[in-house]
Amino acid sequence: MRVALFVTCLADTLFPAAAEATVRLLERLGHQVVFPPEQTCCGQMHVNTGYSAQALPLVRRHVRAFEPYDVVVAPSGSCVGSVRHQHASVARNAGDERLASRAEAVSERTYELSEFLVDALGVTDVGAYYPHRVTYHPTCHSLRLLRVGDRPLRLLREVRGLDLVELPQAEQCCGFGGTFAVKNADTSTAMLADKLRHVQSTGADVCTAGDASCLMHIGGGLARLRTGVRTVHLAEILAATERSGSIGRTAVRA
Amino acid sequence: MSGREEVLARLRAARGAPPRVPAEAPRDYRPAGGDADLDLLVDRLTDYRATVHRCAEPEVAEVVDAVLGGRRVVVPRGLPERWLPASVTAVTDDDLSTAEVAAADGVVTAAAVAVAETGTIVLDGTPDQGRRVITLLPDVHICVLRSEQVVAGVPDAVARLDPRRPLTWISGPSATSDIELNRVEGVHGPRNLHVVLLTS
Amino acid sequence: MRRTFLGMPATAPRGVGHLRGEEPFPAAARRGLADPQLRRNLGHATTTIRAKSGAVIGELPDWQALREAGAAIKTDVLARLPELLEQLEVAVTAAGGIVHWAADAVEANRIVTELVAATGSDRVIKVKSMATQEIGLNEALEAAGISAVETDLAELIVQLGEDRPSHILVPAIHRNRAEIREIFLQAMPGVDPSLTDDPPALAAAARRFLRETFLTTRVAVSGANFAVAETGTLAVVESEGNGRMCLTLPETLITVMGVEKVVPTWRDLEVFLQLLPRSSTGERMNPYTSMWSGVTPGDGPQAFHLVLLDNGRSAVLADEVGRQALRCIRCSACLNVCPVYERAGGHAYGSVYPGPIGAVLSPQLTGVEENASLPYASTLCGACYDACPVKINIPELLVHLRDRAPHPKAEAAAMAAAAYVMDRPALYAAAQRAARLSRFAGRRGRGLPPPLSGWTIGRDLPQPPEHTFREWWAQR
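Chains S, Y and A, in that order, give the protein sequences. Residue 61 is where the first sequence starts when you use the numbering used here, and the numbers rise one by one after that. Residue 70 is where the second sequence starts when you use the numbering used here, and the numbers rise one by one after that. Residue -16 is where the third sequence starts when you use the numbering used here, and the numbers rise one by one after that.
Hint data in this document are derived by calculation from the structure and do not stem from the laboratory. Any given hint could turn out to be false.
[Said to hold, decoys possible] Pairs of lysine to any residue, SDA-like flavour, derived with a Cα cap of 20 angstroms:
no.: 1; chain 1: A; residue 1: Lys374; chain 2: A; residue 2: Leu43
no.: 2; chain 1: A; residue 1: Lys392; chain 2: A; residue 2: Val404
no.: 3; chain 1: A; residue 1: Lys392; chain 2: A; residue 2: Gln458
no.: 4; chain 1: A; residue 1: Lys35; chain 2: A; residue 2: Ala17
no.: 5; chain 1: A; residue 1: Lys35; chain 2: A; residue 2: Asp369
no.: 6; chain 1: A; residue 1: Lys374; chain 2: Y; residue 2: Arg118
no.: 7; chain 1: A; residue 1: Lys374; chain 2: A; residue 2: Pro44
no.: 8; chain 1: A; residue 1: Lys35; chain 2: Y; residue 2: Thr115
no.: 9; chain 1: A; residue 1: Lys374; chain 2: A; residue 2: Asp59
no.: 10; chain 1: A; residue 1: Lys35; chain 2: S; residue 2: Pro228
no.: 11; chain 1: A; residue 1: Lys392; chain 2: A; residue 2: Glu352
no.: 12; chain 1: A; residue 1: Lys374; chain 2: Y; residue 2: Arg96
no.: 13; chain 1: A; residue 1: Lys35; chain 2: A; residue 2: Asp45
no.: 14; chain 1: A; residue 1: Lys374; chain 2: A; residue 2: Glu51
no.: 15; chain 1: A; residue 1: Lys35; chain 2: Y; residue 2: Asp116
no.: 16; chain 1: A; residue 1: Lys374; chain 2: A; residue 2: Ala55
no.: 17; chain 1: A; residue 1: Lys374; chain 2: A; residue 2: Val304
no.: 18; chain 1: A; residue 1: Lys374; chain 2: Y; residue 2: Pro95
no.: 19; chain 1: A; residue 1: Lys374; chain 2: A; residue 2: Pro9
no.: 20; chain 1: A; residue 1: Lys392; chain 2: A; residue 2: Pro9
no.: 21; chain 1: A; residue 1: Lys374; chain 2: S; residue 2: Arg207
no.: 22; chain 1: A; residue 1: Lys35; chain 2: S; residue 2: Glu231
no.: 23; chain 1: A; residue 1: Lys35; chain 2: Y; residue 2: Arg118
no.: 24; chain 1: A; residue 1: Lys392; chain 2: S; residue 2: Gly238
no.: 25; chain 1: A; residue 1: Lys35; chain 2: Y; residue 2: Pro95
no.: 26; chain 1: A; residue 1: Lys374; chain 2: S; residue 2: Asp265
no.: 27; chain 1: A; residue 1: Lys35; chain 2: A; residue 2: Tyr368
no.: 28; chain 1: A; residue 1: Lys374; chain 2: A; residue 2: Arg23
no.: 29; chain 1: A; residue 1: Lys374; chain 2: A; residue 2: Glu303
no.: 30; chain 1: A; residue 1: Lys374; chain 2: S; residue 2: Ser149
no.: 31; chain 1: A; residue 1: Lys35; chain 2: S; residue 2: Arg207
no.: 32; chain 1: A; residue 1: Lys374; chain 2: A; residue 2: Asp302
no.: 33; chain 1: A; residue 1: Lys374; chain 2: A; residue 2: Gly41
no.: 34; chain 1: A; residue 1: Lys392; chain 2: S; residue 2: Val242
no.: 35; chain 1: A; residue 1: Lys374; chain 2: Y; residue 2: Thr115
no.: 36; chain 1: A; residue 1: Lys374; chain 2: A; residue 2: Gly37
no.: 37; chain 1: A; residue 1: Lys392; chain 2: S; residue 2: Pro228
no.: 38; chain 1: A; residue 1: Lys392; chain 2: A; residue 2: Ser436
no.: 39; chain 1: A; residue 1: Lys374; chain 2: A; residue 2: Arg33
Since we're looking at a predicted model, the values are computed, not measured.
Could you build the full structure based on these sequences and the hints that come with them?
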């Protein structure tokens, strides 16, 4: 299958390891990955901060970039959520009905990574090896916008050597919320403190999730406190094999 | 412009064009007509700290005697006399003053309908249930329920009740969730609710 | 100064009622965040209620169908609001009630004050009501020499503690049993000095304290959970029996109700009486629900007044996206699941409507420019939408209101610049390189300029990678 990688601006710029892992994983599973270079950012930050007019050209750019492909995959629940739940309405609110229906067509072919693996490819054992104690944080947008459910957990349970430990109060938001983390930094930090406490209570050495943004937030807190717990994107765990010998690059290093 | 005209004009302007036909709401939830499960009713009543007595109709007076014997009891005008034991001082509500009702130890009434799924009894002010005040001020309420008055769910109860009557839906004794969001029984209404469920 | 035009949708007036806070949310939240007792009480209470509510909702196999029905009925109400209110007026009048219409808080307060004054009573007993809190009715009555006694336990705790409500359902949720005991010992006349903090003992103290007031007050003021247009039936959903006292014992009953509380048919209550208790107190059914139509000869108040309140609701209705906030049945499920509310507390929202629903309702009632920080008081985590029994898409509404909120100049410039760069891949790649080289202003985790400095109060910045993804891809 030919898969267009929707890298997301955050992974492209700050967390390339997650995107590179997505490429390696999909290629290992026998698929051809292409990278449409005209893509930049889906515009979610603009929409969620109240600048949907400025997001319009970004939506148009995204639709144009991905329209030619049958399958689009992103290592992010949040950005796929924006494509599915925001793009068409941004276009519609701007009076561009044609763009709205094109955006809807692209969104129907766009998958978050765990959705793509489990639903489209029908695999849960991707042949990964990752000998670490890992806890999984379900990010809000993958949980409630995309309803990925237990797909990431099913993938993680098949990883050789991985000791999966349950995160208490996993479904509570980590407090990131995009610009919320700076506009309401105190509340955000209070939410993060509880998330960090729960992560540490598991005794895991790695906290994983399907979104680099939330991992940047959680990882930033874990690093600040010098906990020694690392954040690693789900794609990096699934891409790791015994042969690669890699434990996955640390997203945020203490 | 009067307040009425002003409010209506604002709402009309805000709402825009009225719909030609009212939208029909989807009602895919469980409709009225399910089987009333008496055991479920008992379980739900007990769960909310009501005391349930199951007996045949001639034994109601014994239950009332056991709960309120020797006490002063308000009764609505239409209550069957055979439900009252000789041991209680029955005061019929012929427009009793609030103080007189408040001075009673208990009240015995019938009911209009009961909902098994929620453990709710509903009073509708017919003569065997009386005015709303009489089931409010005394601290013990004994409510006698016939099995055919028990329905499965809320939709059944709504279908049976007359919306133009004063209705009181009662689910257990008076309670509050205001302290740390835990249910605590016993605030302003009767602190003791006894339901006598008649076996047919 | 905003101008209102006769007959046109209008926001709630300033200077009356409780819809506007004194400071923006981030500043107000700081106080709640720094209060360990509040954090503990709220954490405990919301955890308790989430478990209870989840359990009783899980008992119903048709919960989602009930939500769908509830949302659809309320959507229909909003589409036919003027006609349904006229129908309600006819039905209530036919049943012996008198209907009044109040365009805003000032008018509603005047109407109620005059009605109470006409009875000659200088005291009213009140059932907990969001509408009367919203319009500041108690203050208006006090100014006219009429004392208003709150009879709901939590409202009583707030009133005796000279405090402000912090939750829709449980206004004293920020107090624990020990604090409630202290408030009672200090402010409740005639209280037993040996009162313990055992919740049943606290409830019994309230029972004793209010009993005489219930029996001797001739006028009551209530809100309404529902009003049925076809039958004129009003419904008040409660727990303690204080509602029954107020709705049964006085000679005169005055009910103040937001116009959106009307439902078309009697049958519609079969939906809401299932949705509301399980979403709010987490019970299969609340202890007491009272329903009445007008006046019943010989039973209950013999004079009944219904005051229909706009106070900004027409402005909410005028926004086709925003109007879904008017579906709200005030269950407070969204508060109980909100991670922001749980930590910041209800007072941070500055309005009688706190939490997620407050963040979308208050700015619409006042005009978003007067509550501009509230739409941002959320991470858009979506827990509120999942919990809402009438499926108000609160995250969607928050984003919608952010679009209309006034934006800080520097932020707007930065956002425009970012969008400009992101729409030009070459510039974008150059900006990525520049960001990496600058290493975020030197040492990681230090020294970002405001407002970005908020990030580094509790988090390190990520180590910039050696290359971007697109550089890696180009070199493969």
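With the threshold set at 20 angstroms, check whether the alpha-carbon distance from lysine 392(A) to glutamine 458(A) stays at or below it. 40 angstroms, violated
Holds or violated: lysine 374(A) and threonine 115(Y), Cα atoms, limit 20 angstroms. 32 angstroms, violated
Within a Cα-Cα threshold of 20 angstroms, do lysine 374(A) and glutamate 303(A) meet the stated pairing? 16 angstroms, holds
Need the status of pair lysine 35(A), tyrosine 368(A): alpha-carbon distance at most 20 angstroms? 18 angstroms, holds
For the pair supplied as a hint, lysine 374(A) and glycine 37(A), confirm whether the alpha-carbon distance does not exceed 20 angstroms. The given pair, whose Cα atoms are some 16 angstroms apart, holds under the 20 angstroms limit.
Restraint status (C-alpha distance of lysine 374(A) to glutamate 51(A) at most 20 angstroms): 7 angstroms, holds
Given the hinted pair lysine 374(A) and aspartate 302(A), is their alpha-carbon gap at most 20 angstroms? Distance ~17 angstroms between lysine 374(A) and aspartate 302(A) Cα, so the pair holds.
Can the restraint linking lysine 35(A) and proline 228(S) be considered satisfied, given a maximum Cα separation of 20 angstroms? Holds, at about 18 angstroms.
What's the verdict on lysine 35(A) and aspartate 45(A), does the C-alpha distance respect the 20 angstroms limit or exceed it? 18 angstroms, holds
With the threshold set at 20 angstroms, check whether the alpha-carbon distance from lysine 374(A) to proline 44(A) stays at or below it. 17 angstroms, holds
Hint check: lysine 374(A) vs arginine 23(A), CA-CA at most 20 angstroms. Holds or violated? 29 angstroms, violated
Taking only the CA atoms, is the gap from lysine 374(A) to leucine 43(A) under or equal to 20 angstroms? Holds, at about 17 angstroms.
Checked against the numbered hints above, the structure violates hints 3, 4, 6, 19, 25, 26, 28, 31, 35, 37; every other hint is satisfied.
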